[in-house]
Amino acid sequence: AQKVTQAQTEISVVEKEDVTLDCVYETRDTTYYLFWYKQPPSGELVFLIRRNSFDEQNEISGRYSWNFQKSTSSFNFTITASQVVDSAVYFCALSEASGSARQLTFGSGTQLTVLP
Amino acid sequence: DSGVTQTPKHLITATGQRVTLRCSPRSGDLSVYWYQQSLDQGLQFLIQYYNGEERAKGNILERFSAQQFPDLHSELNLSSLELGDSALYFCASSVVPRVSNTGELFFGEGSRLTVL
Numbered sequence: 001a002q003k004v005t006q007a008q009t010e011i012s013v014v015e016k017e018d019v020t021l022d023c024v025y026e027t028r029d030t031t032y033y034l035f036w037y038k039q040p041p042s043g044e045l046v047f048l049i050r051r052n053s054f055d056e057q058n059e060i061s062g063r064y065s066w067n068f069q070k071s072t073s074s075f076n077f078t079i080t081a082s083q084v085v086d087s088a089v090y091f092c093a094l095s096e097a098s099g100s101a102r103q104l105t106f107g108s109g110t111q112l113t114v115l116p
Numbered sequence: 117d118s119g120v121t122q123t124p125k126h127l128i129t130a131t132g133q134r135v136t137l138r139c140s141p142r143s144g145d146l147s148v149y150w151y152q153q154s155l156d157q158g159l160q161f162l163i164q165y166y167n168g169e170e171r172a173k174g175n176i177l178e179r180f181s182a183q184q185f186p187d188l189h190s191e192l193n194l195s196s197l198e199l200g201d202s203a204l205y206f207c208a209s210s211v212v213p214r215v216s217n218t219g220e221l222f223f224g225e226g227s228r229l230t231v232l
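Line by line, the protein sequences are chains A and B. Just so you know, the first sequence maps onto residues 1 to 116 in the numbering used here. Just so you know, the second sequence maps onto residues 117 to 232 in the numbering used here.
Possibly wrong hints are sitting among the right ones.
To be verified - Below are the DSS-like pairs computed for lysine-lysine, each with C-alpha atoms no more than 25 Å apart in a straight line:
1) B:125 / B:173
2) A:3 / A:38
3) A:3 / B:173
4) A:16 / A:70
5) A:38 / B:125
6) A:16 / A:38
Honestly, the hints are just simulated from the structure, not real lab data.
Using the sequences and the hints, build the whole thing.
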């Protein structure tokens, strides 16, 4: 069975600080997909990134970067020079490629608060 | 704007009642997923339809049912409502039948159900 653990329930930082959100996953599949979604206070779920299990290259998009390490089953998300607008709940999610699992399994989310 | 439309955005009803939530997927997307987000259970997958057929079931209660119509819109029916059914219900869509390297999920803004 697939499982996603986000051990950090809440994180609070001051604007311009860097912050890393942790995500650890469990799966028996060799092919799977990892995602990060952002849920701002308005409530919608906004897609941030998708990685497949064959691609361990780290990715950077502006102030966002992701570190995927299969050896530790982790897919961590770093925001550099955080801004107040980054305040949101961030979800890590997993989808297995095989079997009947056709949906995303979400972690419990990390509430990030960026203080001015 | 993800292109996924959900109505209503907010709904308040009483225990024992029945409600219907509606979802219009992105243009061209054949697959519709329903998720429930509650404080105690987090984001949980309920059910998936692909081109009118049920494809996968998650933690969906027997009091809940869904369908996808020929025009690809979907409805989630919740009956005999209980206080614990209060949650944010998300619809998501993708073009392919399973989440994959190309089949990422696009989420609507959700329907917030309050059962009093």
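Evaluation of the provided hints:
no.: 1; hint: B:125 / B:173; result: holds (24 Å)
no.: 2; hint: A:3 / A:38; result: holds (19 Å)
no.: 3; hint: A:3 / B:173; result: holds (17 Å)
no.: 4; hint: A:16 / A:70; result: violated (30 Å)
no.: 5; hint: A:38 / B:125; result: holds (19 Å)
no.: 6; hint: A:16 / A:38; result: holds (19 Å)
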